[in-house]
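J.: Produce the complete structure using the sequences and hints provided.
The residues making up each chain are set out below.
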Amino acid sequence: MNPIFMIIGYILLAPIGGGLLMGLDRIITARMQSRVGPPVLQPFFDVFKLLGKQNLTVNRFHSYYLFFFLIFMMVSGAMFFAGDDLLMVIFALIVADVFLVLSAYSTNSPFSSIGAERELLQMLSSEPMMLLTAVGFYMVTGSFNVSAIASSGRRLIFYLPGIFIGLTFVLTIKFQKSPFDLAVSHHAHQELVKGISTEFAGPSLALIEIEHWYETILLLGMIWLFFAFNPALATAGALLVYFLEVFIDNANSRVKWELMLKSAWLVTLLFGLGNLLVLYFVLHIG
Amino acid sequence: MSWMLFLILFPLLPAVLLLIVKSVSIQKWIVIFASTLICAGAIGLAVTGIQGQPRYFGNGSSLVENLVVAGDIMLALIFLYACRRLPLKRCWIPLMVLAQYGVVVWYELSGRVPGVADYLFIDNLTIIMALIIGIVGSLITVYSIGYMQRYHEAHPHIPDRRGEFLSAIFLFFFAMYGIVFSNSITWIYYFWEITTLCSFIMIRYPRTEEAVRNAFLALWMLLVGGLAFAAAIVYAAGYCRTVELSRLVAMNKSVVMLPALLICFAGMNKAAQFPFAKWLLGAMAAPTPCSALLHSSTMVKAGVYIVLRFAPVLHNTAAGLVLAVSGGLSFVAGSALAISQRDGKRALAYSTIGNLGLIILCAGIGTHQALWSAVLLIIFHALAKALMFLCVGTVEQQTGSRYIEDMHGLISRMPILTIVMLIGIAGMFLAPFGMLISKWAVLEALAKRNPIFPPIVIFGGSLMLFFWTKWMGKLIAVTGRQPGRDKGIGIEWTALCGLALLTILGCALYPLVGHYLLEPLYGYDPMLSHRAIMMVAIMLGLMLMLPMGFFIHWKNLVHVAPYLSGANVADPHQFMGSLGSARAWSFRNYYLDKYFSEKKLFRGTLAGSMALMALMFLVANL
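Protein sequences appear in the order of chains L and U.
No gaps in the numbering here: position 34 of the first sequence is 34 in the numbering used here, and each next residue is one more.
No gaps in the numbering here: position 268 of the second sequence is 1268 in the numbering used here, and each next residue is one more.
Worth flagging that the hints you see were computed from the coordinates, not collected in a lab.
It is possible that part of the hints are untrue.
Unchecked claim - In the DSS-like style, the derived pairs of lysine-lysine whose C-alpha atoms are separated by at most 25 Å in a straight line are:
| # | chain 1 | residue 1 | chain 2 | residue 2 |
| --- | --- | --- | --- | --- |
| 1 | U | Lys1599 | L | Lys262 |
| 2 | U | Lys1278 | U | Lys1089 |
| 3 | U | Lys1555 | L | Lys49 |
Unchecked claim - Among chain L residues calculated to face chain U with C-beta under 8 Å, some are:
| # | residue |
| --- | --- |
| 4 | Val58 |
| 5 | Phe68 |
| 6 | Leu132 |
| 7 | Val135 |
| 8 | Thr198 |
| 9 | Leu276 |
For every residue, glycine included, the Cβ atom is placed at its ideal position computed from N, Cα and C.
T.: Listed below in C-alpha cells is the structure:
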C-alpha cells in the first residue's frame, strides 16, 4: 500500500482504535473486579471533557514539551506504518518519552520529578528488549525495514518465540500496567498522587491520553509483525496480547523499581539474547 | 603537501612565542591569530585534498630522519628531567623511559630500522581528523584565553604560567597533526610521546598535590602504551622489514599481527580504555580547556585513530574479536559508571571512556560498515563532548560548582548557556543528532555479524540514555525568577556558540560527509539512502522548531503553584510540615549507587579488561 495512505490512516485512525481498546480495557477490568464498568466510548468522553477544562499550569513551558511528546509519538508511529526502519521508529519513540520526562522535570514539582525518574527507570528496563526485537527481526528477514519484515512471508513467531515472550514482558512496562506501572497508573488504588502526571491538568492531560492511544497501536503493531504471514491471525494475536496485559494488570500490584529492572533485564538476556544465540547457531552452523 | 607541512610545523611558532612573550594581551592576540590560521589551514587542506585514493609523499633526505632521532633523544631527556624529583621507589617511571627510548634510539642509530620511502600521506580519514583537530581544537584554544584569565582571578594562589599552558596546547596541535599525517611508525611514535608530554604538562599545571599526583599517574600509564609502541617498532623493523604504515597494513596478517596488536594496545591506552581509564579521570584536576582538548579533538582521538588504521589487519581475526569485546566492556562499564557520578566532569569522563569503547568495538569488527560508523562517532563525539566540557567549565566558573545537583534549575539562572548545554547533551544521545545517527549505523553494521555485539551496544546505549536524560531534567527544572548568573562570559561565547552550531550542522550535513569523505574510503552505506536521510531531516526539523515555543505566549494558561500535598506556603519552595511550620523541600536525582557506583563496578571491570588484554595477545596467532 502507498506509505502516504498508511501515514494518514495511522494519524487519523490510531486514536480511534486506541481509544476503543482503552474502553474495552476498562470494561474487561471492571468485569474482572465484578463491576459493570463504563461504556466503551468512555475514554473519548473523558478526553473531550479534559479538553474543555481550564489549562492549569505551573509554568508556560511544560505543556509545550508535552506537545512535542505527542508529535514525536506520531512521527514514530507514522514511520512504522509507512514501513520505515524499525530502529529509527524505536529511537523516535525514545525521543517522545524523553520529552515526557523533561516536561515532568520542568515543573519542578517533587511528585512529578519522582515520576520522571521512575519513567526513566522504566525506559532503562524496557528499551533493550525493544531494540533487541528489531535485531531479531533483522536476523530472520535481513532487513530493518518494517515493510520488508511484514512482507517477508517468514513465520517470525516460530523463529523468535523467546523475543516474543520478552517483548510481551516489557510491553507491561510500556503500557503502564501493573506490576510495572511505576511512573503513573490508571488505577486509583495504586497511588495517592499521580506520579509523572501530577502537574498536568485539563488539555495537557488529554494530550497524554491521546499519546497513549497512539502508542498502544504502535506497540501492538510490533506484535502484529510476528504473525504478519497471516493478517487475521496477526490481529487476533495482537488483541490476545493486549488482553493478557489487562489480565496481568489486574492480577498484580505494583513492585519496586529494583525488581522491575532486574526482571526485565533478566528476561531480555535469557529469552531475547538466548533466542538470538540459538537462532544464530541454527542458521549459520546447523 | 604544502598545507600539510604548514599544519604540522606552524603550531610550533605560537608555541615558542607564547613561552617568550609575557604580556597577557599580546598572548591573547597570538592565540587568536594562530588558531584562526590553523583552522583555515585545516579547511584549506580539506578543500584541496579530498579525493578517493590516498597520496604519499616521500622526502628522501636523511636530514629529516636524523631530526626525528634527535627529537626522540631530546624527548627522553625531558621525560627524565620531569621525573627528577620522584622518590626512589617510583624509579620505574624513568626506567620505562630509558627502556623504550634506549631500544628505539639504538635501533635507529645502528641502522636496523629499514629505510622509509614515503614519510607523509593523506587520505580522507586524515582529512577528517585534520578538520576535527583544526576546528574543534582551535575553538577550545580561543575559549581558553577567557577561561585562563578568570581561572587565575579565582585561584590567586596558583602561579600564573598561562603562557606555558597555551604553549602546550599548540604543541598538542603539532603532535596531533604529526600523528595523522605520518606514514612511518617511528615518526608516529615520536609525535605520540609528545602528546604524552603535553598532557603531563597540562595536568600538572595547577601544581597542587592532587594535580601533580594525577600528572604522574597519567605519565606512567601513557608510558606503558609508549613501551608497547616501541616494542611494535622493534618487531616491525626486525621481522616485517618495514616501518611504513601503508605497507604494514597491506602485509600478510600472520606476519604483522603482533606489531598491529601492540600498536592497538598503545591506542587503547591513549584512548583511556579499561584498564587504563584512570588517567583520564585524574586529568580533570587540570583547567577545563585541557579536559576538553584531551577528551574531544586530541589525545584520546589519536588512540582510536591508530586502532582504526590497523582495522584491516584485525578484520576477521580472533584477536580483533577480543579487541571488540574489550571495547564493548569499556562502553557498557563507562556508561554504567556515569550513572552514579555526581560530579559533572567525572560523568563526562566516563561517557568519553564509554563512547571511545564503542569506536574500538567497531574497529575490532572491521567491516566497512562498522568503520563507517566508527568515523561518524569520532566526528560527532568530538563536537558534542568539547561543547559539554566547555559548558561545565563555564558553569563552574559562574556558579562555583560543577556538581550536577547544583545545576538544578540552571535554565532560570543562565538561560542561554543552558540551551547551549542542552544542545550538547542532545548531541550526545538523542535522535536525530550525531551520536545517535552513529549508534544507529553501528547497530545496522553489527546486526549482520554474530548476536553478541548488538546487545552490548543496546545495553550501553540504554544506560547512557538514563544518565543524560536525568542530567537534562536537572537543567530544565523551572524554579521561578532568580538572579541571572551569565555576566562576565566573554570570548568564551565564540567557542560555545560555534560548537553548538557545529553540533546541529553536523547532523544536517552528515549525508555530505558520508558522500564525499566516507564513501570513497569505505564504500556505500545504507545510512546514505534517501529514506534514512529524509527521516533524519524530518526529525531535525521538528527539533529545531523547539526553541520557537519559548517565544510563543500561550493564551488561557492559568498559573498555579506545584502540588505539595495540599499545604502550600506562599513560596513554592516550601511546604507546610505536620507541626505547622513551613519547611523547605528539595529533590535529588537517582544515582543508583547500589548497582552502579565505582566501588561496585570499577575493580571487576579492571580485572575483566586485563584478562581480555591478555587473551588478545594469546590468540594473536589464531
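J.: Look at each hint and say if it fits the structure.
T.: To see whether the hints hold, each was checked on the structure:
1. Lys1599/U to Lys262/L: holds (20 Å)
2. Lys1278/U to Lys1089/U: holds (21 Å)
3. Lys1555/U to Lys49/L: Judged against 25 Å, a Cα distance of about 19 Å means the pair holds.
4. Val58: holds (5 Å)
5. Phe68: It holds, given that the least Cβ distance between Phe68/L and chain U is near 7 Å, below 8 Å.
6. Leu132: holds (6 Å)
7. Val135: holds (5 Å)
8. Thr198: holds (6 Å)
9. Leu276: holds (4 Å)
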